[in-house]
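**Student:** Just so you know, the sequences run in chain order A and B.
The opening position of the first sequence corresponds to residue 51 in my numbering, with each subsequent residue numbered one higher.
The opening position of the second sequence corresponds to residue 51 in my numbering, with each subsequent residue numbered one higher.
Hints listed in this document are in silico derivations from the structure and should not be mistaken for laboratory results.
Don't take each hint at face value.
Pairs count within a copy or across copies, as identical chains cannot be separated in the list.
[Unchecked claim] Straight-line C-alpha distance at most 25 Å; calculated SDA-like pairs for lysine to any residue:
(1) Lys52 to Ile249
(2) Lys52 to Glu274
(3) Lys350 to Glu206
(4) Lys350 to Thr199
(5) Lys68 to Ala106
(6) Lys68 to Arg185
(7) Lys117 to Ile159
Protein chains: 2
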Amino acid sequence: MKVLVSEVGPRDGLQSIKRAMPTEAKHRWIRALAAAGLREIEVASFVPAKLLPQMADAAEVVREAVKVPGITVLALAPNLRGVQDAVAAGAHKVTLPVSASEAHSRANIRMSCEEAIAQVGRICAFRDGLPEGQRPGVEVGIATAFGCTLQGEVPEEWVFEMARRLVAAGADSVGLSDTVGYANPAQVKRMFARLAREIGDRAGGAHLHNTRGQGLANVVAALEAGVTTFDASQGGIGGCPYAPGASGNVVTEDLVFLLESMGCDTGIDVERLVAAREVFKEAMPGEPIYGHVPDAGLPKTFRRAAEGAAS
Amino acid sequence: MKVLVSEVGPRDGLQSIKRAMPTEAKHRWIRALAAAGLREIEVASFVPAKLLPQMADAAEVVREAVKVPGITVLALAPNLRGVQDAVAAGAHKVTLPVSASEAHSRANIRMSCEEAIAQVGRICAFRDGLPEGQRPGVEVGIATAFGCTLQGEVPEEWVFEMARRLVAAGADSVGLSDTVGYANPAQVKRMFARLAREIGDRAGGAHLHNTRGQGLANVVAALEAGVTTFDASQGGIGGCPYAPGASGNVVTEDLVFLLESMGCDTGIDVERLVAAREVFKEAMPGEPIYGHVPDAGLPKTFRRAAEGAAS
Chain A
51 MKVLVSEVGP RDGLQSIKRA MPTEAKHRWI RALAAAGLRE IEVASFVPAK LLPQMADAAE
111 VVREAVKVPG ITVLALAPNL RGVQDAVAAG AHKVTLPVSA SEAHSRANIR MSCEEAIAQV
171 GRICAFRDGL PEGQRPGVEV GIATAFGCTL QGEVPEEWVF EMARRLVAAG ADSVGLSDTV
231 GYANPAQVKR MFARLAREIG DRAGGAHLHN TRGQGLANVV AALEAGVTTF DASQGGIGGC
291 PYAPGASGNV VTEDLVFLLE SMGCDTGIDV ERLVAAREVF KEAMPGEPIY GHVPDAGLPK
351 TFRRAAEGAA S
Chain B
51 MKVLVSEVGP RDGLQSIKRA MPTEAKHRWI RALAAAGLRE IEVASFVPAK LLPQMADAAE
111 VVREAVKVPG ITVLALAPNL RGVQDAVAAG AHKVTLPVSA SEAHSRANIR MSCEEAIAQV
171 GRICAFRDGL PEGQRPGVEV GIATAFGCTL QGEVPEEWVF EMARRLVAAG ADSVGLSDTV
231 GYANPAQVKR MFARLAREIG DRAGGAHLHN TRGQGLANVV AALEAGVTTF DASQGGIGGC
291 PYAPGASGNV VTEDLVFLLE SMGCDTGIDV ERLVAAREVF KEAMPGEPIY GHVPDAGLPK
351 TFRRAAEGAA S
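Turn these sequences into a full structure, and let the hints guide you.
**Tutor:** Written as structure tokens, this is what we have:
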């Protein structure tokens, strides 16, 4: 089985770190990730530089990333203006922040859930008006789909109503995000199975966090539900790290090892992926970076899925 | 569904730490773990004190632990002499080290696999000769069942032949251990499903490691295969930590959170379990201790399985 690992480190990861990575290092890091076999990379966020100075070079990073052969370049954009800038820079896909928790939606993008859905509609209308060949893919991951630190429970019925309405608004794919690390495997399996029933081939990937150490456990559950796209970040940077040592995003290195050992073909070479950490470490000395596989190394028995994994 | 979490920290954990925990602290730690709701604790190893000075107080620790109401007290014993000492101290169950890898078996207990199986037979014969009421349960976890750092691949056919022969030799339960952190979820699910087909109700629990961050992912796979007993150690101490930061055993705190959130009733209170870490930390200052849940805390949405988990 083929599985797509979508790397979010250069966007989700770097935006959580106060210090900015130099633009030239971003270019090198993205190229190193691509060289390891990653086929989709979220490289930047088109938000005002005064809000996120780490992303001030978003257009330049996208323009350089789209020169790398064989990768799909994603950019986050919180509004139409951001989408326009991302498209002008050449992003292949845009990802739009939408939250199922009313409280989180207001805190994160200063919009109600209804307003965020309406905005997705306007952005898709803009996309549809572009000449063919310039239309970006539009991805939405529903944030706080498994619960929210601000409002607590998030009703499942509402999550799926949102998913249906986002598809109706024109989103190409709608995934589910465990923004705060609340999800458990039973919930993940149930909700992704239902997502596929509700919106068919528009069902998007899983964005899971490791805040409580449950990231890969939830990945196994999502695989059982048929999910084939997973977000992750190199070294687990970014996400919502609530506590020292508690990484946020699922660690790409550990995720790829999991998938490949199970016989899922990601196209990624774990050793070259681990090597790409060096670019991050050099550019961001002293910054915490997580992951077990980089420390422990590959088992003697490891074979890549494409070579016929032991599984 | 009820799931048994078997705590191995006081044995497997402490034996991997050079410094010995004072006997009195061991007593307090075991009582704190029991107070959190753990119902089975492996408390000591009956090996010569010159080999493992940390376990020199094994008999005293067992004698004290069996006074704690409601817990099953396990002790590891590498040979008949150790089993006799464990029984004399009052251990309810003994666990015998057996390895499916010939190389690991010789390195660990200086016996071939054949000799180890024969020894299990002699130990079970000794047990059968004891007066009723004094016969300990005999548990075996087949070490390196998923691969070995010394010999690499471990043939699955041999693992199951061993399991059948250990049952024939008299073992009450035979589980599978990922001693070196090589297992992946596909393999775990397949092998535990087969273990149940091969030896029925003698199929034992899963002893999984987190060396490569895959511990809880493998737990989810084992649950899918019907496993209902899991070893873990408080703070992830012990196991085979190959590298700094790479914990060995599955962290009990994170495992219990996983199970309870999924609606599996462990009988354990996560907050009291986290509180038990203080006993360890006080007695072993500066010693590394792992786990995400202790840092991140419980989600707002968390409910114990016995109270009707959200799952």
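**Student:** Against this structure, judge whether each hint is valid.
**Tutor:** Each hint tested on the structure:
1. Lys52 to Ile249: within (21 Å within a copy, 35 Å between copies)
2. Lys52 to Glu274: both (14 Å within a copy, 22 Å between copies)
3. Lys350 to Glu206: between (43 Å within a copy, 16 Å between copies)
4. Lys350 to Thr199: Between. Shortest inter-copy distance 7 Å satisfies the 25 Å Cα cut-off; intra-copy 41 Å does not.
5. Lys68 to Ala106: within (13 Å within a copy, 50 Å between copies)
6. Lys68 to Arg185: neither (33 Å within a copy, 62 Å between copies)
7. Lys117 to Ile159: neither (31 Å within a copy, 58 Å between copies)
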